[in-house]
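Asker: All chains should be built: construct the whole structure from the sequences, respecting the hints.
There are 2 protein chains.
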Amino acid sequence: MCQGFKAAGMAAGIKKNGNKDLGLIVSEVPAAVAAVFTKNKVQAAPVLLDKERCKTGKCQAIIVNSGNANCCTGPQGMADAIEMSRLAAAGLSLSENLVCVASTGVIGQALPVAKIESAFPELARSLSEDGFSDFAEAIMTTDTKPKIVSRKAAVSGKTFTVTGIAKGAGMICPDMATMLCFVCTDIAADSAALQPMLQKAVDLSFNRITIDGDTSTNDTVLVLANGISGISMNQSGAQEKFQKCLDEILVELAKMVVRDGEGATKLVEVIVRGAVSASDAKKIAYTVANSNLFKTALFGEDANWGRILAAAGRSGASLDPQKVDIFFNDIRMVKDGLWCGAEAEKNATRVLKTPEFNITVDLKLGAGEASYWTCDFSIDYVKINADYRS
Amino acid sequence: MCQGFKAAGMAAGIKKNGNKDLGLIVSEVPAAVAAVFTKNKVQAAPVLLDKERCKTGKCQAIIVNSGNANCCTGPQGMADAIEMSRLAAAGLSLSENLVCVASTGVIGQALPVAKIESAFPELARSLSEDGFSDFAEAIMTTDTKPKIVSRKAAVSGKTFTVTGIAKGAGMICPDMATMLCFVCTDIAADSAALQPMLQKAVDLSFNRITIDGDTSTNDTVLVLANGISGISMNQSGAQEKFQKCLDEILVELAKMVVRDGEGATKLVEVIVRGAVSASDAKKIAYTVANSNLFKTALFGEDANWGRILAAAGRSGASLDPQKVDIFFNDIRMVKDGLWCGAEAEKNATRVLKTPEFNITVDLKLGAGEASYWTCDFSIDYVKINADYRS
Numbered sequence: 001m002c003q004g005f006k007a008a009g010m011a012a013g014i015k016k017n018g019n020k021d022l023g024l025i026v027s028e029v030p031a032a033v034a035a036v037f038t039k040n041k042v043q044a045a046p047v048l049l050d051k052e053r054c055k056t057g058k059c060q061a062i063i064v065n066s067g068n069a070n071c072c073t074g075p076q077g078m079a080d081a082i083e084m085s086r087l088a089a090a091g092l093s094l095s096e097n098l099v100c101v102a103s104t105g106v107i108g109q110a111l112p113v114a115k116i117e118s119a120f121p122e123l124a125r126s127l128s129e130d131g132f133s134d135f136a137e138a139i140m141t142t143d144t145k146p147k148i149v150s151r152k153a154a155v156s157g158k159t160f161t162v163t164g165i166a167k168g169a170g171m172i173c174p175d176m177a178t179m180l181c182f183v184c185t186d187i188a189a190d191s192a193a194l195q196p197m198l199q200k201a202v203d204l205s206f207n208r209i210t211i212d213g214d215t216s217t218n219d220t221v222l223v224l225a226n227g228i229s230g231i232s233m234n235q236s237g238a239q240e241k242f243q244k245c246l247d248e249i250l251v252e253l254a255k256m257v258v259r260d261g262e263g264a265t266k267l268v269e270v271i272v273r274g275a276v277s278a279s280d281a282k283k284i285a286y287t288v289a290n291s292n293l294f295k296t297a298l299f300g301e302d303a304n305w306g307r308i309l310a311a312a313g314r315s316g317a318s319l320d321p322q323k324v325d326i327f328f329n330d331i332r333m334v335k336d337g338l339w340c341g342a343e344a345e346k347n348a349t350r351v352l353k354t355p356e357f358n359i360t361v362d363l364k365l366g367a368g369e370a371s372y373w374t375c376d377f378s379i380d381y382v383k384i385n386a387d388y389r390s
Numbered sequence: 391m392c393q394g395f396k397a398a399g400m401a402a403g404i405k406k407n408g409n410k411d412l413g414l415i416v417s418e419v420p421a422a423v424a425a426v427f428t429k430n431k432v433q434a435a436p437v438l439l440d441k442e443r444c445k446t447g448k449c450q451a452i453i454v455n456s457g458n459a460n461c462c463t464g465p466q467g468m469a470d471a472i473e474m475s476r477l478a479a480a481g482l483s484l485s486e487n488l489v490c491v492a493s494t495g496v497i498g499q500a501l502p503v504a505k506i507e508s509a510f511p512e513l514a515r516s517l518s519e520d521g522f523s524d525f526a527e528a529i530m531t532t533d534t535k536p537k538i539v540s541r542k543a544a545v546s547g548k549t550f551t552v553t554g555i556a557k558g559a560g561m562i563c564p565d566m567a568t569m570l571c572f573v574c575t576d577i578a579a580d581s582a583a584l585q586p587m588l589q590k591a592v593d594l595s596f597n598r599i600t601i602d603g604d605t606s607t608n609d610t611v612l613v614l615a616n617g618i619s620g621i622s623m624n625q626s627g628a629q630e631k632f633q634k635c636l637d638e639i640l641v642e643l644a645k646m647v648v649r650d651g652e653g654a655t656k657l658v659e660v661i662v663r664g665a666v667s668a669s670d671a672k673k674i675a676y677t678v679a680n681s682n683l684f685k686t687a688l689f690g691e692d693a694n695w696g697r698i699l700a701a702a703g704r705s706g707a708s709l710d711p712q713k714v715d716i717f718f719n720d721i722r723m724v725k726d727g728l729w730c731g732a733e734a735e736k737n738a739t740r741v742l743k744t745p746e747f748n749i750t751v752d753l754k755l756g757a758g759e760a761s762y763w764t765c766d767f768s769i770d771y772v773k774i775n776a777d778y779r780s
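Line by line, the protein sequences give chains B and P.
Per my numbering, residue 1 is the first one in the first sequence, and the count goes up by one each step.
Per my numbering, residue 391 is the first one in the second sequence, and the count goes up by one each step.
Rather than coming from a laboratory, the hints here were simulated on the basis of the structure.
Glycine residues also receive a C-beta, built at the ideal position from the N, C-alpha and C atoms.
Be a bit skeptical, because a hint or two may be false.
Stated by the list, open to error - With a cut-off of at most 30 angstroms between alpha-carbon atoms, the simulated DSS-like pairs for lysine-lysine come out as follows:
1. 406/P / 335/B
2. 383/B / 542/P
3. 335/B / 429/P
4. 41/B / 406/P
5. 383/B / 631/P
6. 645/P / 346/B
7. 431/P / 335/B
8. 631/P / 41/B
9. 16/B / 725/P
10. 323/B / 713/P
11. 542/P / 431/P
12. 115/B / 406/P
What the hints assert, rightly or not - Examples of chain B residues lying across from chain P (beta carbon under 7 angstroms, computed):
13. 74
14. 78
15. 82
16. 108
17. 110
18. 217
19. 232
20. 235
21. 239
22. 313
23. 314
24. 319
As the list claims (entries may be wrong) - Some chain B residues well away from chain P (every beta-carbon gap over 10 angstroms; in silico):
25. 200
26. 292
27. 358
28. 383
Answerer: In structure tokens, the structure reads:
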């Protein structure tokens, strides 16, 4: 995949079902790092540790486990996160400060560090340039599919690569919608330049998806740039091309996360335009995309525009109900707040039967625009989440 | 029930299933009125009409239909709401200004006024002091039970009565959680005195419940006070006693609404204490009570405290995860942010198997308190709401 990066993934016995649950990414040389973490005030030990580690601007290895979130585990949890990074650093002969850690899974249970210790030598031995798909599997919890997206771009006759791996599928084993994403690139960049580029890409992607409105204690996005391609971010055109790759990768991964949402059968983009401001547009798009009534109607393939309008109305944003238009793809179902009739409903219902479509709410008040990706809310979502720990 | 009030309910053919769908309450004399309406910016025609009517401070009759919300119906919807009030006024020989109107049901379809017109003479004929249970049935949509609560109190040797009737069960036929509540009392009061008393009772009751986080376009609470008991609100002790009755009735009705929540199997009070402020406590209680992850765990009878803590953490309120205690009834499951062990979990799980219990989150930061009633989130909720219109 990406020059100068190796990865691995294996089963260390953390997950009860014996699936892969321990992953490792290593760069040949220390890489510049940028990071975005959960805004939840309850933060897992690995998040707290990585925040400190990333302050140095450098990272060379990431060790990740699934099956246990190492969250709400108190001082022992922090000691365990540090021990996990120490094991990786020792096994790879790196400075401990160059190792980041991530965990996802059950909350409130002690991390089985001994299992990680036993497994690590084999994990390190299996590191390879082709190990990314094993890594992607090792970080899955309720995900049904591994999620990897890669892009290449050329600058002055040389090529750089950007590879992103993500996990997330709604709430996780069994506690929440943990979303982890790791991006490797062989372009050269410094941490300070990388950080705003990552923030921009996250705002376009992971900050525009919702499965169940719950924000994890463990959400982490890390970008490692090791410079092995010989291309520098400072070369003419490099920054634009890298940003484009990063944006595309994160948007694609974000959509893969929603498509793989727990119990989800549909990927729906909720687009709001014509709002008084972008912030008002965002309020409405977010409220509609999170409405249980709207999401259950999606599952039922019911073009229930009343629920869309009602959610918009309670979002806190300015709107005039008698001006609103609502579209399902290009089918206008509501014009000036009124139903467009049986023919429009029939066509909109046809759109709803497809697996991916968009819904546009046009307020006709201003130039504010925003959009979110969401999924439907199914019987399987409840089944998956009701009985997880039993 | 209440002196000087009669009620009736019948099937007028608005609901497809032939159930009762038209209700009427009439006072012998014009009554003082107080009202609270939905804060949704999309408001149904009857809500807009009642807001105008209530400005006079007087109301003598309320006509209510279920099966159609008369919402998002444009100018025709307002004309239909006015016509519905005109029919009632004419049939009862009252001034049209003394009639309030409420509707609940499908959004965006024209109100079948002709059916109301045909049915009205029979409805008026069947008015009786014992008609409140028919009325309560006539305003139901996805409710499984009618909801009536009555209280009496004595002042200076005379007795006054307060009777409340409510409907609401999550989202409604098929669009949202319409909550309607009508309170009749034979105490004498003026509208200006009644309004803050109603607002206080609503803040204690309907503003502290959530089934699915969606706010209806049609929510309406009306209180009619006709004075027939001969007791005045100005008499010594009357105001306190009336407020107590009103509070108790609305709290009881609110709990009945949650208990009857679509697909609900449990009524759970989420109590937050020890917050920095009451507003912080409210943020946390509301976020937990609305979390799909938390609510699906309730359905699964899983004492999933991690989801509670994670929801608290994303609420925006101040908290220190290492100080938080969590109780299921009186069982402490989490102390200082850490799990209390297998014995506590076993006892908490026993609590979760009961139909009604409370969960307390103690932040140990200050004196802020708040609570919400919520229900679990079941497979039936999704079934009820996915396929409603088909």
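Asker: Could you work out which of the previously given hints the structure breaks and list their numbers from low to high?
Answerer: 2, 4, 5, 6, 8, 10, 11, 12, 14, 15, 17, 19, 20, 21, 26, 28
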